[in-house]
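Q: Residues per chain, in single letters:
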Amino acid sequence: MSEASKNVVLSVKDLEVTFRKGRQRVSAVAGISFDLYEGETLGLVGESGCGKSTTGRALMQIVPSTGGEIYVDGAELTSLSKKEARSLRRKMQMIFQDPISSLNPRRRVKDIVAEPLDCWKTAKGEERDAIVYDLLNKVGIDPAVYGNRYARQFSGGQCQRISIARSLAMRPRLLICDEVVSALDVSIQAQILNLLEDLKKEYGLTMLFIAHDLAVVKNISDRVAVMYLGKLCEIGPSDTLYAKPAHPYTSFLLGAALEADPEIEQNRATLSGEPPSPLHPPSGCRFRTRCPFATEKCASEEPMLRDIGAGQQVACHYPLVGSHQ
Amino acid sequence: MLKYFIKRLVALVAIIIAISIGSFFMIQLLPGDLATSILGVANTPANKRELYARLGLDKGLVQQYLTWMGHVLQGDLGKSYITGESINTSIGKSLPIDLEIIFLSQIVAFACAIPLAMKAARKPNGLFDRLSNGLTFGLLSVPSFIIVVYLVLIIAIKAQIPGTGPGSFTRWPEWAWLFTDTGMFFTTVGHNLTSMVIPTLALSIGSFVVYFRVLRSDLIATLQEEFITMARSKGLSSRRIMWRHAFRPSSVALLGTAGINIGGLIAGGFVVQYLLAIPGLGGLLIASITLQDYLVIQSTVFVVAVAVIVINFTVDFITTLVDPRIARD
Amino acid sequence: MSTETNQNNNPDEDFLVVENLTTTFNTARGPLPAVGGVSFRLGHNETLGVVGESGSGKTVLSRTIMGLQPRTNVEVGGSVRFDGHEIVGATEAELREIWGTKVAMIFQDPMTSLNPVTKIGKQIGESLHVRLGMSKDEAKARAIELLTLVGIPSPEERYEAYPTQLSGGMRQRVMIAIALACNPSLLLADEPTTGLDVTIQAQILNLLDELQMKLQMSVILVTHDLGVVATRTDRIIVMYAGRVVEMGRTKDVFKDHRMPYTRALLESTPRVSNPSHTRLKTIPGRPPNLLKLAEGCAFAPRCSRATEKCSQERPNLEPTGTDGHYFACWNPLDNQSAPVSSSTGSTKEFGEDNVRS
Amino acid sequence: MTNTETPMIPNEIVVEHPEKREPIGLFTWICVGWLAINLGVALLTPFLPIANPKEMISMPSMGMSLDHLMGTDSLGRDLFARVAWGSRISLGVGLGAMAIGFGIGGPLGMLAAFRRGKLDVALSSVMFTLLAFPSIIAIISILSMWWPRSLAKIILVVGISSVPLVYRVIRAATLSAGSKEYITAARVLGAKDRRIVFRELLPNVAPTGLSFLLFGVATVIALEGVLAFLGLSIDPNTAPSWGNLINDARQSLNDTPQNWPLIIFPSAILCLFILALNFVGDRLRSYFDVTEVKL
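Chains as they are written, first to last, in full-length UniProt numbering: chain A, 1 to 325; chain B, 1 to 329; chain C, 1 to 357; chain D, 1 to 295.
Treat the hints as calculated values from the structure; they're not laboratory data.
Bear in mind the structure is a predicted one, so any value in this text is a computation, not a measurement.
Hints may contain errors.
The calculated DSSO-like cross-link candidates involving lysine-lysine, where the alpha carbons are at most 30 Å apart (straight line), are [what the hints assert, rightly or not]:
| no. | chain 1 | residue 1 | chain 2 | residue 2 |
| --- | --- | --- | --- | --- |
| 1 | C | LYS214 | C | LYS136 |
| 2 | C | LYS102 | C | LYS119 |
| 3 | C | LYS119 | B | LYS119 |
| 4 | D | LYS192 | A | LYS138 |
| 5 | B | LYS123 | C | LYS122 |
Next comes chain A alone, as it looks inside the complex (with noise of 0.2 Å):
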């Protein structure tokens, strides 16, 4: 999917954030890079507090990023104007993960998906009812019925579908999804995510999916990165990496995750511990603390991101997959 001849949507050099808390300062994102192709999804998974929700924040500079550089086809975000920055952002889109806190409980529905078209003015009258309308048909709101009620009367699963179409409204080019199916039931996570892919072919997105869930992550990305305390582990395509991890951390994650099938063994040798406080992250490698192959030298040099071929990306000094070659 990682092939050089696809245009790159969103590149990310190096990207910090850093949180000042009292004198103290927490790096939540510690300087990761990325590429996004267009057409892909690219999966960020991890577990909480390892800085995937805030890596998403910073590119829709919801938080400010420290650090580095978010280039949006080509463009280099950071650097520009709030006003030239703003006109930028219409090419990205994010959707939340609590649906229900991510409507305004006093608004109707058709006003809420309508809101991008009145922000920019794109759209007026009967083009942009008939714009809302057919968002709302397309994520399985019945607009004729529903269009008129109030937010607050929606259950979780339909908040999500009218975000959906909200985000969709000036048919952005990025989608950023923030753990958007974490708060839902299995089913209607299923209706959700068959969804995204759907809309995802229909408008030609380009997907940041960001989720703790490796199950859910897998099935609806291309490549995943794996993040761990505010660092990229590895990052590859998703049925090499989930098949043959090559991070260690990758490897307790997979072996940590419960599939629903009795018959699979599940790995019974878990990951002791906590992830450090990302106050006082360790030297060296993150991960090395808690990690059973570490030595000194993962105490003393930080290991780089570097290629083992077939698109996959490892940062440990002894990966768990040599070259794929």
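Since the structure of chain A is provided, determine the placement of chains B, C and D on it from the hints.
A: Quick look at chains B, C and D alone, frame taken from chain A:
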């Protein structure tokens, strides 16, 4: 914890300084002619100039403020321009009365509110809860001055209970009496407490209503919490659950309300004092307002404001002891 | 209280007997049947999984079994017999006798389930002190032992901590310590790992397994996650709209399910083992409104196999022929390829391998 | 009054269109009606066929009769007329002061919560310091020295003294609404500040504001009573307020204890008016489910 405490203390000092500035300039900037109220007909330009020089009022406002603050910091609030009495003495006589009324009324309010709120919250929407909730909601809408008026009408005039009406306030005996004449001591204490019936009732009803409602709704919310279910699932008695698990988290809101309420009583209790002719701070303030006694007003306002803030500070401190989450934020 | 269960000569099956249990909430909009007639049995040291989506009544079921349901606006019918005690209709004082010491519960959200203003050590020690009559010092010593048991590092220090100072995984460990303080013989775990990260989830589930073996408990594991029950339970119950739609040995239900809902649930769950972009099968529509439940099968409006009968008559649980495997459906799925005999055998083996003996 | 009727149902149960709202209830409508009647009387007093409140039209201290519905006071003035005219003053002070309080405190509170940062720190430290200062003392001191007294001055002083409180409430409500994901969503969609404030924040802050407005009016009306007792409200001879009427009655009741309607009517009407305001405010709060903002 200590860090939080120090932080709060610094804020406290800052607010007290702000308040001293506030009470000083509020009085100074108001219209009104001090010379007229002191000198009366003798208000000639020469006399006025002489008076201002004597009182230090011919200097700049900042200078005046600094002089006043300098004295205040040494514990001297100055002397009344009009009566010449030391303000320390006046406030020293009045403040204990306020403290007594507030102390008594708070004891009564808490003693009634806590058990009743516990009872009401145990069965939300039950008969007792509905009754008490409705009744307190009604009482909430009766301002304290109306309560006093009716209490006086009923207790002092209709029921003819001696020593309870306006002007019947009796002071505590002096310290020395305690050891020499116990009979007299108890008589005076008795008189004092009788004279406290109406003011205590008047203030405690308002406090009770507020405390009851805050504690009740908070308890009901707390009892819905999962950790209460958890406590039940341990097999603890409902008594233990109410007191050990529900009351403590709920008392945070109660304490906060109490802080604001007690502060309000110091500042707002003087309507009651005025109506009952009780010589507390309220009485002092209103008397000095009538006399246009600027320095006394200014000092009283300052003392009351500081008292209110110190009380709020104390309540905050107690709250952090009850709920360790607060100090860590 | 009924004691007739003691006369039964197969105690393993009758440790917990739930019969036609119903829980109905009286709401302003009418009665809401959150649990609509559930029956099952649980043996000693057995692990039962209860699976269902939001609104399936699984949480209400677990609380009703324990008798923890609030008393007002709730009607409970049927019977829950647990080790010689009848739970339904028992007074709170009677229930208090078995709560904590015989049956304990861990809750979904350890943040809200721990008292925020009390040190965690005190919360563990409380039941030791109150229920077992230990002195405060003994209780403290035991509480520290329990903290060690559930794998909390430096337990003496953590004894003094407040819940907000711990991570989610640590809080869940504290919850387990509290629940197990008085050695209960039945543990109800209501979504014990929801909201935890996968690696922490694995730690907690392993810990529960280990403790079940050590302390000889029966466990009811309530969850929405099919992955959690797949390898950690002996038997499972699948719930939909307050009723059991299928139950049986874990392997039978996963491999040989008859109820279309069970299949739909399994097919709509994304799997790590499936290749990327596998199209998920979805269940159309949403879970039903329990206030307006129709006469027939609650799943009928979403079911591809539904016939007219489905919307008119409610199916009862029927045996499949395989031991202990039941389903409620008028148009069940065909018996699938997996041969019945071998699946029974391997289930047993599996149980011995992973759960206990 | 209580929104705790049906909390026993666990969240997991899906009820279609989960409307938490309870029916509005008869008593709420009675309260609304009572408020409307008072407001109507206050607005229309000059046009109503009632006696002149300043004129001695009858014997003093007469009981209730068809001519004088509430009887007459110690100077023979018609009490009903005086109560009706009094509502003009009391409601005027209440609404006027709150108009000033909300006019200044509301926008400032929203601005501080929306902009955050230095502006918020600066505004909030000023406001919270002012809040620590017991406002009633300030009101009394200022009014006692600011002669001659007038309705406008009372409204101004009380209104300004309520600014910090309104500021705090509106700021808290805005902060709470602003922390919701839909604000971030609107920003991401490209909404400008103006749009976010008026389309997203305001509709969610307004219910809190409205219910606090009702509580505020109730408090100010009670406060006017206090001022009247201390002789600091407007001169009862020019126009009586409800507080003035109660104060008058209190004083004259010593001489004519049989004339109880004199105190019962004004105080009952005052209390019932406050009750209705409080009740409607409380219902509004639970109707809009404004739980996160503690007033």
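Q: All hints are to be evaluated individually against the structure, with a verdict given for each.
A: Hint by hint, here is what the structure shows:
Restraint check: the Cα-Cα separation between LYS214/C and LYS136/C comes to about 26 Å, which is no more than 30 Å; the hinted pair holds. The suggested pairing of LYS102/C with LYS119/C holds, with an alpha-carbon distance near 25 Å, which does not exceed 30 Å. The hinted pair formed by LYS119/C and LYS119/B meets the criterion: a straight-line CA distance of about 27 Å does not exceed 30 Å. With a C-alpha separation of about 28 Å, the suggested pair LYS192/D and LYS138/A falls inside the 30 Å cut-off, and the hint holds.
The straight-line distance between the Cα atoms of LYS123/B and LYS122/C is roughly 28 Å, inside the 30 Å bound, and the hint therefore holds.
The earlier numbered hints are all upheld by this structure, with none contradicted.
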